[in-house]
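Start from chain A and add chain B according to the hints.
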Amino acid sequence: MADMNVLKEVLITGNGDKLTELVQSALDEGVNAADILNKGLISGMDIVGEKMKNGDMFIPEVLMAARAMGLAVEILKPLLGEEGAAMGKVIIGTVKGDLHDIGKNLVAMMLESAGLEIIDLGVDVPPEVFVENINKMKPDVVAMSALLTTTMPMMKATVDAITESGLREQIKIIIGGAPVNQSFADEIGADGYSPDAGSASQLAKEYCNS
Amino acid sequence: MMTAEQKYYHFKQGFQRVADAATGTPDRVPVYAQICEIVPKEMGVSAKKLYHNPELLTTGILDVCDMYNIDVPTVDFDCYNIEAEAIGQKIRFHDDIMPDIDRKHLLIQEESDLRKIVTPDFDRAGRCPFVIEAYNIYEKLTGVKASMAFCAPFSLAANIRGIETLIMDMCLKPEFAHELMTRVTEELLIPWLEYLKGKFPHAPALVGADALASLPIVNINLMNEFIAPYVERLREACGPTVCVPNWTGERHAKNPEEMMDIRLRVNPGFIEGQDPDVEALGPEFYKTYAEKHDLPLLLGVGAVFLRASTPEEIFNRVKHYVEVGGKNGRLWFYLCNIEPGTPRENITAAVDAVHKYGTYE
Numbered sequence: 001m002a003d004m005n006v007l008k009e010v011l012i013t014g015n016g017d018k019l020t021e022l023v024q025s026a027l028d029e030g031v032n033a034a035d036i037l038n039k040g041l042i043s044g045m046d047i048v049g050e051k052m053k054n055g056d057m058f059i060p061e062v063l064m065a066a067r068a069m070g071l072a073v074e075i076l077k078p079l080l081g082e083e084g085a086a087m088g089k090v091i092i093g094t095v096k097g098d099l100h101d102i103g104k105n106l107v108a109m110m111l112e113s114a115g116l117e118i119i120d121l122g123v124d125v126p127p128e129v130f131v132e133n134i135n136k137m138k139p140d141v142v143a144m145s146a147l148l149t150t151t152m153p154m155m156k157a158t159v160d161a162i163t164e165s166g167l168r169e170q171i172k173i174i175i176g177g178a179p180v181n182q183s184f185a186d187e188i189g190a191d192g193y194s195p196d197a198g199s200a201s202q203l204a205k206e207y208c209n210s
Numbered sequence: 001m002m003t004a005e006q007k008y009y010h011f012k013q014g015f016q017r018v019a020d021a022a023t024g025t026p027d028r029v030p031v032y033a034q035i036c037e038i039v040p041k042e043m044g045v046s047a048k049k050l051y052h053n054p055e056l057l058t059t060g061i062l063d064v065c066d067m068y069n070i071d072v073p074t075v076d077f078d079c080y081n082i083e084a085e086a087i088g089q090k091i092r093f094h095d096d097i098m099p100d101i102d103r104k105h106l107l108i109q110e111e112s113d114l115r116k117i118v119t120p121d122f123d124r125a126g127r128c129p130f131v132i133e134a135y136n137i138y139e140k141l142t143g144v145k146a147s148m149a150f151c152a153p154f155s156l157a158a159n160i161r162g163i164e165t166l167i168m169d170m171c172l173k174p175e176f177a178h179e180l181m182t183r184v185t186e187e188l189l190i191p192w193l194e195y196l197k198g199k200f201p202h203a204p205a206l207v208g209a210d211a212l213a214s215l216p217i218v219n220i221n222l223m224n225e226f227i228a229p230y231v232e233r234l235r236e237a238c239g240p241t242v243c244v245p246n247w248t249g250e251r252h253a254k255n256p257e258e259m260m261d262i263r264l265r266v267n268p269g270f271i272e273g274q275d276p277d278v279e280a281l282g283p284e285f286y287k288t289y290a291e292k293h294d295l296p297l298l299l300g301v302g303a304v305f306l307r308a309s310t311p312e313e314i315f316n317r318v319k320h321y322v323e324v325g326g327k328n329g330r331l332w333f334y335l336c337n338i339e340p341g342t343p344r345e346n347i348t349a350a351v352d353a354v355h356k357y358g359t360y361e
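If you read the sequences in order, they're chains A and B. Under our numbering, the first residue of the first sequence is numbered 1, with each subsequent residue one higher. Under our numbering, the first residue of the second sequence is numbered 1, with each subsequent residue one higher.
I should point out that these hints are in silico values taken from the structure, not numbers from a laboratory. Treat the numbers as computed from the prediction; the structure is a model and nothing was measured. Warning: the hint list may mix true and false statements.
Once the Cα atoms are required to be at most 20 Å apart in a straight line, the calculated DMTMM-like pairs of lysine to aspartate or glutamate come out as [stated by the list, open to error]:
hint, chain 1, residue 1, chain 2, residue 2
1, B, K145, B, D66
2, A, K96, B, E279
3, B, K104, A, D120
4, A, K53, B, E279
5, B, K327, B, D352
6, A, K96, B, D102
7, A, K156, B, D352
8, B, K327, B, E258
9, B, K254, A, D56
10, A, K96, B, D96
Only part of the chain A face toward chain B is listed, based on derived beta-carbon distances under 8 Å [what the hints assert, rightly or not]:
hint, residue
11, G55
12, I59
13, P60
14, D101
15, I102
16, N105
17, I119
18, V123
19, L148
20, T149
21, P179
22, Y193
Glycine residues also receive a C-beta, built at the ideal position from the N, C-alpha and C atoms.
Looking at chain A on its own, in the form it has when it is part of the complex:
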């Protein structure tokens, strides 16, 4: 019988081939696809997030785990009905003037692996594009990244634009990036700050569940 703990362990090692084999054999044994997703894969990525937060996994290992997760989800996708629906929707982007994407991409990967739907707006995203997409996509959370002190003010400009558009109450806003911290998040009126991708994933899930 499929052992979800083994599945989680293989996911954490980032062995995509082995993981897809295990997922396929679990399906062949009649295990429900949503159970594999939630009790095995998403639960395994929670551990990855925790390990990253604690310094037990670095970005290469996290990237490999996220890749393995992606391969496994591809097998499950056609079999997932309502039970496999995303647990929430997140719009993510690096703010205008900033072309850095590693932090943003890593957070997006962790969020997606946590079972959330991700709309990645990319880098150098102007406030009006955030607003336009909030209007259109109705996300639960908006995540913003900046790696430069010079682009930090653009986070505030984006929060202000969202507020002015009347959409602020519908969403939670989280921020991250090397130069920002909790006090800056408080100062600009964001709801939360995360120092790393693992924490961002936890925070976004909390907000999506609230």
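Relative to chain A, chain B alone:
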């Protein structure tokens, strides 16, 4: 009588302090600072203009160092972009911030793009002539031989391939990753360093910038297999003045000394520690490691800390670092990449603390 051309010759004193601290005790700890982010604003010119005009850049650096009593000015440009730009990588220039790689248009999209990595004509390619001219002006104005900056193999490969893609290449397509690293090293960096050495045969150091090769962006395995060997190859080809000192993140390692040992392979001349690593591990860790290897120490206080703290907090931290790191001399002090928006009084507090606690009897 000092001529107008010798206006900046007083910086020789700072370099003398650096030389004295390399082997023993100077009159006081010398202060370096990375100021490329703040020079445009301090000079009141656009970054785009500054990073195309070698005279403006060089005099700007020297004037800003004068303004803040920084002992050791370096030719501080956007050193992560030059070699990439020389082979055709698009760079974005802005009025208010440093030029940066255009990550929406990376040069190496697929394996066949490796053919784009060929030795360019450095007399004409990108802003290579700008860099050469900046060094010439610097040497003329200061009377000091310039250390040269370049982008080290890993950060260069990451900037033309994309950092996550490169990491995944290393994990999943190691042969391709080695081919990319080899081409970057053999076709681009070795010829460029040789070119620089030809123009400036007495350059005291060729310093590679490689911030991306840090934990937790990479791990120890990747450092050992894909990153350190290519810097060692540069050293083998271009000589021992080549070094890469700015790998960071040892605070994330289970055994920080293991990471320091790898760092020593690519920077055998001194030990460097900067915040937030020094904040986490303490200056004592770095001083002990430096003494163990009988090497001078460069300690850096962090950019975010410098921007977001009070002058008193900064003064106290610098005092602590200087008192611990400067015991028995052999300390250089560094203000890490000063960010725009850093209050002037914070920079002054850091320099004052070095002057006060880093002066030897």
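Evaluation of the provided hints:
1. K145(B) with D66(B): 18 Å, holds
2. K96(A) with E279(B): 31 Å, violated
3. K104(B) with D120(A): Holds. K104(B) to D120(A) sits at ~14 Å (cutoff 20 Å).
4. K53(A) with E279(B): 18 Å, holds
5. K327(B) with D352(B): 18 Å, holds
6. K96(A) with D102(B): Roughly 13 Å separates the two Cα atoms, so the pair holds.
7. K156(A) with D352(B): Distance ~34 Å between K156(A) and D352(B) Cα, so the pair is violated.
8. K327(B) with E258(B): This hinted pair is violated, its Cα atoms lying about 24 Å apart.
9. K254(B) with D56(A): 8 Å, holds
10. K96(A) with D96(B): Roughly 13 Å between the alpha carbons, so the hint for K96(A) and D96(B) holds.
11. G55: For G55(A), the interface hint holds, since the closest Cβ of chain B sits about 5 Å away, which is under 8 Å.
12. I59: Holds - the Cβ of I59(A) comes within 8 Å of chain B, reaching about 5 Å at its closest.
13. P60: 5 Å, holds
14. D101: At about 6 Å, which falls below the 8 Å cut-off, the nearest Cβ of chain B leaves the hint on D101(A) intact, so it holds.
15. I102: Result: holds, 5 Å to nearest chain B Cβ.
16. N105: Holds: closest Cβ of chain B sits about 6 Å from N105(A), inside 8 Å.
17. I119: 18 Å, violated
18. V123: 6 Å, holds
19. L148: 6 Å, holds
20. T149: 4 Å, holds
21. P179: Since the shortest Cβ distance to chain B is 6 Å, the answer is holds.
22. Y193: Not OK, violated: Y193(A) not within 8 Å of chain B, min 13 Å.
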